[in-house]
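Number of protein chains: 2
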Amino acid sequence: MHSTPQDLLDAVARSESGLKSDSFERLVVGRGSADSTAVHRALSLDALVLSLDSGRLIRSVADEATVSIASRSESYTLSIPARGQARLVANSTLGLFRGLATFEQLWYTLDGDKYLLNAPIEIADEPAFPYRSFSLDTARNFYPVDDILRTLDAMSWVKMSVLYWHVADSQSFPLEVPGFPELAAKGAYSKEEMYSVNDVELIIQYANTRGIDVVMELDTPGHTTAVGFAHPEHVACAGKSPWAKYANEPPAGQLRIASNATVEFVKRVFQSVLTMMTSTMMSTGGDEVNLPCWEEDEETIDVLNKRNIAIGEALNEFVVAIQGVLKANKITPFIKGDMILTHNVPVTNDTVAVVWQSSADAAGIAERGLRFIHQPSNYFYLDCGAGDWVGNNILGNSWCDPFKTWQRAYSFDPYANLTEAQFPLVLGGQMPLWSEQSSSENLDSIVWPRLAVAAEVFWTGGTLPDGTSRLANNVTGGRAAFSRLNELRYRLVDRGVKAIALQPKWCVLRPGECDVDA
Amino acid sequence: MHSTPQDLLDAVARSESGLKSDSFERLVVGRGSADSTAVHRALSLDALVLSLDSGRLIRSVADEATVSIASRSESYTLSIPARGQARLVANSTLGLFRGLATFEQLWYTLDGDKYLLNAPIEIADEPAFPYRSFSLDTARNFYPVDDILRTLDAMSWVKMSVLYWHVADSQSFPLEVPGFPELAAKGAYSKEEMYSVNDVELIIQYANTRGIDVVMELDTPGHTTAVGFAHPEHVACAGKSPWAKYANEPPAGQLRIASNATVEFVKRVFQSVLTMMTSTMMSTGGDEVNLPCWEEDEETIDVLNKRNIAIGEALNEFVVAIQGVLKANKITPFIKGDMILTHNVPVTNDTVAVVWQSSADAAGIAERGLRFIHQPSNYFYLDCGAGDWVGNNILGNSWCDPFKTWQRAYSFDPYANLTEAQFPLVLGGQMPLWSEQSSSENLDSIVWPRLAVAAEVFWTGGTLPDGTSRLANNVTGGRAAFSRLNELRYRLVDRGVKAIALQPKWCVLRPGECDVDA
Numbered sequence: 001m002h003s004t005p006q007d008l009l010d011a012v013a014r015s016e017s018g019l020k021s022d023s024f025e026r027l028v029v030g031r032g033s034a035d036s037t038a039v040h041r042a043l044s045l046d047a048l049v050l051s052l053d054s055g056r057l058i059r060s061v062a063d064e065a066t067v068s069i070a071s072r073s074e075s076y077t078l079s080i081p082a083r084g085q086a087r088l089v090a091n092s093t094l095g096l097f098r099g100l101a102t103f104e105q106l107w108y109t110l111d112g113d114k115y116l117l118n119a120p121i122e123i124a125d126e127p128a129f130p131y132r133s134f135s136l137d138t139a140r141n142f143y144p145v146d147d148i149l150r151t152l153d154a155m156s157w158v159k160m161s162v163l164y165w166h167v168a169d170s171q172s173f174p175l176e177v178p179g180f181p182e183l184a185a186k187g188a189y190s191k192e193e194m195y196s197v198n199d200v201e202l203i204i205q206y207a208n209t210r211g212i213d214v215v216m217e218l219d220t221p222g223h224t225t226a227v228g229f230a231h232p233e234h235v236a237c238a239g240k241s242p243w244a245k246y247a248n249e250p251p252a253g254q255l256r257i258a259s260n261a262t263v264e265f266v267k268r269v270f271q272s273v274l275t276m277m278t279s280t281m282m283s284t285g286g287d288e289v290n291l292p293c294w295e296e297d298e299e300t301i302d303v304l305n306k307r308n309i310a311i312g313e314a315l316n317e318f319v320v321a322i323q324g325v326l327k328a329n330k331i332t333p334f335i336k337g338d339m340i341l342t343h344n345v346p347v348t349n350d351t352v353a354v355v356w357q358s359s360a361d362a363a364g365i366a367e368r369g370l371r372f373i374h375q376p377s378n379y380f381y382l383d384c385g386a387g388d389w390v391g392n393n394i395l396g397n398s399w400c401d402p403f404k405t406w407q408r409a410y411s412f413d414p415y416a417n418l419t420e421a422q423f424p425l426v427l428g429g430q431m432p433l434w435s436e437q438s439s440s441e442n443l444d445s446i447v448w449p450r451l452a453v454a455a456e457v458f459w460t461g462g463t464l465p466d467g468t469s470r471l472a473n474n475v476t477g478g479r480a481a482f483s484r485l486n487e488l489r490y491r492l493v494d495r496g497v498k499a500i501a502l503q504p505k506w507c508v509l510r511p512g513e514c515d516v517d518a
Numbered sequence: 001m002h003s004t005p006q007d008l009l010d011a012v013a014r015s016e017s018g019l020k021s022d023s024f025e026r027l028v029v030g031r032g033s034a035d036s037t038a039v040h041r042a043l044s045l046d047a048l049v050l051s052l053d054s055g056r057l058i059r060s061v062a063d064e065a066t067v068s069i070a071s072r073s074e075s076y077t078l079s080i081p082a083r084g085q086a087r088l089v090a091n092s093t094l095g096l097f098r099g100l101a102t103f104e105q106l107w108y109t110l111d112g113d114k115y116l117l118n119a120p121i122e123i124a125d126e127p128a129f130p131y132r133s134f135s136l137d138t139a140r141n142f143y144p145v146d147d148i149l150r151t152l153d154a155m156s157w158v159k160m161s162v163l164y165w166h167v168a169d170s171q172s173f174p175l176e177v178p179g180f181p182e183l184a185a186k187g188a189y190s191k192e193e194m195y196s197v198n199d200v201e202l203i204i205q206y207a208n209t210r211g212i213d214v215v216m217e218l219d220t221p222g223h224t225t226a227v228g229f230a231h232p233e234h235v236a237c238a239g240k241s242p243w244a245k246y247a248n249e250p251p252a253g254q255l256r257i258a259s260n261a262t263v264e265f266v267k268r269v270f271q272s273v274l275t276m277m278t279s280t281m282m283s284t285g286g287d288e289v290n291l292p293c294w295e296e297d298e299e300t301i302d303v304l305n306k307r308n309i310a311i312g313e314a315l316n317e318f319v320v321a322i323q324g325v326l327k328a329n330k331i332t333p334f335i336k337g338d339m340i341l342t343h344n345v346p347v348t349n350d351t352v353a354v355v356w357q358s359s360a361d362a363a364g365i366a367e368r369g370l371r372f373i374h375q376p377s378n379y380f381y382l383d384c385g386a387g388d389w390v391g392n393n394i395l396g397n398s399w400c401d402p403f404k405t406w407q408r409a410y411s412f413d414p415y416a417n418l419t420e421a422q423f424p425l426v427l428g429g430q431m432p433l434w435s436e437q438s439s440s441e442n443l444d445s446i447v448w449p450r451l452a453v454a455a456e457v458f459w460t461g462g463t464l465p466d467g468t469s470r471l472a473n474n475v476t477g478g479r480a481a482f483s484r485l486n487e488l489r490y491r492l493v494d495r496g497v498k499a500i501a502l503q504p505k506w507c508v509l510r511p512g513e514c515d516v517d518a
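Note that the protein sequences, when read in sequence, are chains A and B.
For the first sequence, position 316 matches number 316 in full-length UniProt numbering, and the numbering has no gaps at all.
For the second sequence, position 482 matches number 482 in full-length UniProt numbering, and the numbering has no gaps at all.
Same shape as in the complex, but just chain A (with noise of 0.2 Å):
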């Protein structure tokens, strides 16, 4: 017999806690009202029985949502009779963390009593793809511990695997690295806007006893403005007027990849932020670098000159020695594709690509055999379409304009363009949130209810489970879905996550009379 880990009661107490305060209402006209009889007549439930039913070993919830993303096991099977104990089963504490989530999402509230619909109840459920994730930046502007601690019990309720962590940018450096704490003494907007070693530890504890892996990116070597607040001397292009020849965002700035020192220090801060984390991934991002900030920089120039060769050998050598820091941690490598696909640099098999330019970018990826995760700009950038933030664009448009509506994102197929023999090497996707004109104000209204379907379409797969377009425009399809996000987008809010309205309530009480030829 083994005991029970703590973190799998700690989410049975929470879901027993959820169950009894959320007071979200059937989301049909009368609320549920006209249930009333049937609720009064109903039978009960006495209990939620969980167990193992496979040999694996038994281990923490957060153990198992850090265990190497190909071996995570997420399945579990839910039987919910109309009357006596329901039974949760699954291979591991995850798999039962998971089923948690679906079970206490069957309630509906009516003046006080508890009651689901249409039991019996069966069901067996997996996902379709293991890394299923946000993306938040961090470093644009600043996001208090506390918004990420409720974002992360969002995720976990619709069932979200990673979060992948972009601390720091150009802009600021806000991760207290140990061994290296004048990178955000210099490097953070404030004192107040930092995340101490403590906080993360927090974070990362928080969220891997909520099923959720804690993927970091220390974008490198674009990106990188920042760490020069506190080593100008690793810094190319600094600063440098006009930033657009320099950087795609202001302040230009990029490690200067050519410089032995550099390198040395960056592989150090690596090594250093590697002691933070439990999973077993990290990115060294690698997007939009750019060439005039390099062939400009004297420093930079004076180096090739000596060793005769290009910056892009330069480019090859700092990954391979970034990537060495990771894998000689048994970490696994993620790199933003434009590396691959624009630099061509050198990544070794175990690489996981990030393609995020457009969608288009998997099938390149795919045909160098490398495994990789979905965040193309024309699907799930969550903060596209608000106008450009440079102060003089006046009219301009966000550069991935427009805004990528719930159902842009639904209409996704994470096989597009591959072939069958490909499909195993997409590991799942992410929606980012960039932080240019994002804050702690508009995180919910911003990433809620729309990261849900980023969820949905990860754990679904590539179509609905009988096989057709999700967007089929039938009660199975697009309505059907459009009901379940308006359900989760009310719960929500229902538990203090301000999600935006998708809908006037007129049409989220009655599915499918707002479509347009209803």
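Please keep in mind that the hints were generated in silico from the structure rather than gathered at the bench.
Careful: at least some of the hints might be erroneous.
It does not matter which identical chain is meant; a pair holds if it fits inside one copy or across any two.
[Said to hold, decoys possible] Simulated crosslink set (DSBU-like; lysine-lysine; CA at most 35 Å straight-line):
{"hint": "1", "residue 1": "20", "residue 2": "191"}
{"hint": "2", "residue 1": "240", "residue 2": "330"}
{"hint": "3", "residue 1": "191", "residue 2": "114"}
{"hint": "4", "residue 1": "330", "residue 2": "191"}
{"hint": "5", "residue 1": "191", "residue 2": "240"}
{"hint": "6", "residue 1": "186", "residue 2": "20"}
{"hint": "7", "residue 1": "186", "residue 2": "114"}
{"hint": "8", "residue 1": "267", "residue 2": "191"}
{"hint": "9", "residue 1": "306", "residue 2": "240"}
{"hint": "10", "residue 1": "330", "residue 2": "245"}
Note that the structure is a prediction, hence the values are computed from the model and not measured.
Dock chain B against the given chain A, drawing on the hints supplied.
Frame of chain A; chain B shown alone:
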């Protein structure tokens, strides 16, 4: 001697309390720490002395905020010496209230001290237009009273003068109307999503004492399906399918304008709503009427046939009858521009038109010699750009796409396409929030700080005070505006209003350095 009105005393107390609790630091690198020595050596102010300098009867702020729009007095002068007493002088308590709003936002915090820059300061200020408004739709989705009160506070900080309350629409009727309790009882989404008579009184009183007039809009004859939830006899084509043939939004339904009983009913409802108001203005709406709705309504056809009139004549009679109720009560009637430009309904010269479809419509209204307010969808709609919300227009845009950036709104010229003789017809303007995709959860983030742009445009006029274009890319033009708006955004957040970030904080602290050519 007159005693000081209580609401002015209350306003002074709020300013004092706000000054003490504000923790806003200068938006410069170092957040004002470079001012430390100067602040410690600075002279100090003893007091702010308020005085009225005219023979105008001393009335409360609330009374001054609700006198007829043409006779409001909002000018003030503010003299702040380097030491001693600051002086705020106005012709009315409303002018003093506007001056207080300026005074309390001149201050910065540094290590607990409060300081301002560049004293002595002399400000002589008055608005270009008396009508500076926010229009809120509380029908598509509901907003709790506290949301409205918080919004009114923030509006008062940017000296807005009107809340235009689009209280009901086809989806819900949340207003308790004395004598017609069934309208909200059956028309509100729920008992909790309703504005009681007491709520309305509280909101209006809260607004008025903050220098804000509340203009109620009961939209007629379209946008009235929810009236039929209690009174089906008064609504044609209610819920008729496909809705898109009979209305711009689901559910279809319009008042039976040709029915004498309906006209009398609507007149009594308006008469009752008037009893709740303190304003001299009210809107009868009038946008987006749909002819097929009436043309296929048997009861309407019968009346038209019996009287041998066309639907256009019935519409004319309806508008004259409803506006007649307002005029009999000395209330200035507002009407939507399309009633005049498209349907050519007869209105008298005291009518104020709401120009909403396009900024280009203003000229046509001015040609008819009517006063009007600007609410152009192509500049000021706060809700655009988030995709379509009908169930199955899956990749569609919002009808007023794209998102209206603050810069777009700021580029608006209230005098465009008008002759100088027509300038006095412009009362001002308003930004509306239509709530199909908004609710309590995102109210602050979708409204602020963009609403402050309308506040500035209609306070300042056609150009900057020096006559140059608002968006001229120089330190007094767009760059200064961006700094001003960033500062306001951080002040709002400091006071608990969740205004969105417009830029990475790195840019906010370095005005101009994120310009595209910087």
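Please flag the earlier hints that this structure goes against, numbers listed from lowest up.
Those not satisfied are hints 2 and 10.
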